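Chains F and Y are the protein sequences, given in the same order. Going by the numbering used here, the first sequence opens with residue -14, and the numbers climb by one from there. Going by the numbering used here, the second sequence opens with residue 5, and the numbers climb by one from there.
Honestly, the hints are just simulated from the structure, not real lab data. Bear in mind the structure is a predicted one, so any value in this text is a computation, not a measurement. Among these hints, one or two may not hold up.
Chain Y residues, not near chain F, derived (Cβ > 10 Å throughout) [as the list claims (entries may be wrong)]: (1) Gln9; (2) Glu18; (3) Val23; (4) Leu30; (5) Ser31; (6) Asp109; (7) Phe110; (8) Arg113; (9) Ala126; (10) Asp129; (11) Arg138.
Listed next, the in silico DMTMM-like pairs over lysine to aspartate or glutamate satisfying Cα-Cα at most 25 Å (straight line) [stated by the list, open to error]: (12) Y:Lys70 <-> F:Glu60; (13) Y:Lys140 <-> Y:Glu18; (14) Y:Lys140 <-> Y:Asp129; (15) F:Lys40 <-> Y:Asp111; (16) Y:Lys86 <-> F:Glu60; (17) Y:Lys53 <-> F:Glu60; (18) Y:Lys140 <-> F:Glu60; (19) F:Lys75 <-> Y:Glu146; (20) F:Lys40 <-> Y:Asp119; (21) Y:Lys19 <-> F:Glu60; (22) Y:Lys20 <-> Y:Asp133; (23) F:Lys40 <-> Y:Glu118; (24) F:Lys75 <-> Y:Glu25.
In this text, a Cβ means the ideal position worked out from N, Cα and C, and glycines have one as well.
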Amino acid sequence: MNYPPLLMRLGIGRRRFPVWLPLFLLWPVAAAVIIVLAPLVLLAALILWPSVWGKLVLLSGPMLLGILSALRGLELNLNLGSRLLQISFK
Amino acid sequence: MSDSQKRILDLLAEKKISVDEAQRLLSLTEPGKDTGTQGPEESAGSKGKPRYFRVQVQPEAGSGKKSVNVRIPIALIRAGMKLTSLIPANASDEVNEALREKGVDFDVRNLKPEDFEELVAALTDLEVDVNGGREKVHIYVE
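Take these sequences, add in the hints, and give me the full structure.
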């Protein structure tokens, strides 16, 4: 089972050491927000169901979660001479 | 150590291949690597099912330090493909129109997850190496 990344490594500019961001601290907060918002999202989906946006509202949550989970392993290392960008998800 | 592994290490010592390439080739030569015990971070080349799409742009020696190394999980592309099913019909028409203005005659509604799976399966055998003089571009899946 895929689960969201726990750490994000971010390096911008000429920093010798990239910053490790503990994403795992965000997930409990995000889970709480999702639980609180879930009934409202369901209600919005029901109201908007006759239009094309109902399906979008209902499925956007699981799709976003899928994208977040798929971020594990993403790695970008761009060295453009004077500028350096390093992003990776673990 | 087998002959092929020695050969790979020789190529690495002679700097004919990069460390990443050597690691990937070694993982293919090691017996027991394809037992399904690999973690998500390890190469899946020996399993046959690609996990990552890689693009590497390496500068030739003495031509500056610009380089690009991108590793995109196939799962991320797959998740993005699923988003196309959420595009409302009128938005698809607008996207198609914008593409047509740019000279691309393509209907985004024709993008199907099955086509993507077929494409990923075909990518397993694909490896693109472009040596453009100042830099070397390497595109492959692992």
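Comparing the hints with the structure gives:
no., hint, in the structure
1, Gln9, "holds, 26 Å"
2, Glu18, "holds, 24 Å"
3, Val23, "holds, 14 Å"
4, Leu30, "holds, 20 Å"
5, Ser31, "holds, 16 Å"
6, Asp109, "holds, 25 Å"
7, Phe110, "holds, 22 Å"
8, Arg113, "holds, 14 Å"
9, Ala126, "holds, 21 Å"
10, Asp129, "holds, 21 Å"
11, Arg138, "holds, 13 Å"
12, Y:Lys70 <-> F:Glu60, "holds, 17 Å"
13, Y:Lys140 <-> Y:Glu18, "holds, 17 Å"
14, Y:Lys140 <-> Y:Asp129, "holds, 20 Å"
15, F:Lys40 <-> Y:Asp111, "holds, 21 Å"
16, Y:Lys86 <-> F:Glu60, "holds, 21 Å"
17, Y:Lys53 <-> F:Glu60, "holds, 19 Å"
18, Y:Lys140 <-> F:Glu60, "holds, 19 Å"
19, F:Lys75 <-> Y:Glu146, "holds, 17 Å"
20, F:Lys40 <-> Y:Asp119, "holds, 23 Å"
21, Y:Lys19 <-> F:Glu60, "holds, 24 Å"
22, Y:Lys20 <-> Y:Asp133, "holds, 14 Å"
23, F:Lys40 <-> Y:Glu118, "holds, 22 Å"
24, F:Lys75 <-> Y:Glu25, "holds, 21 Å"
Hint check: no violations occur; every hint is consistent with the structure.
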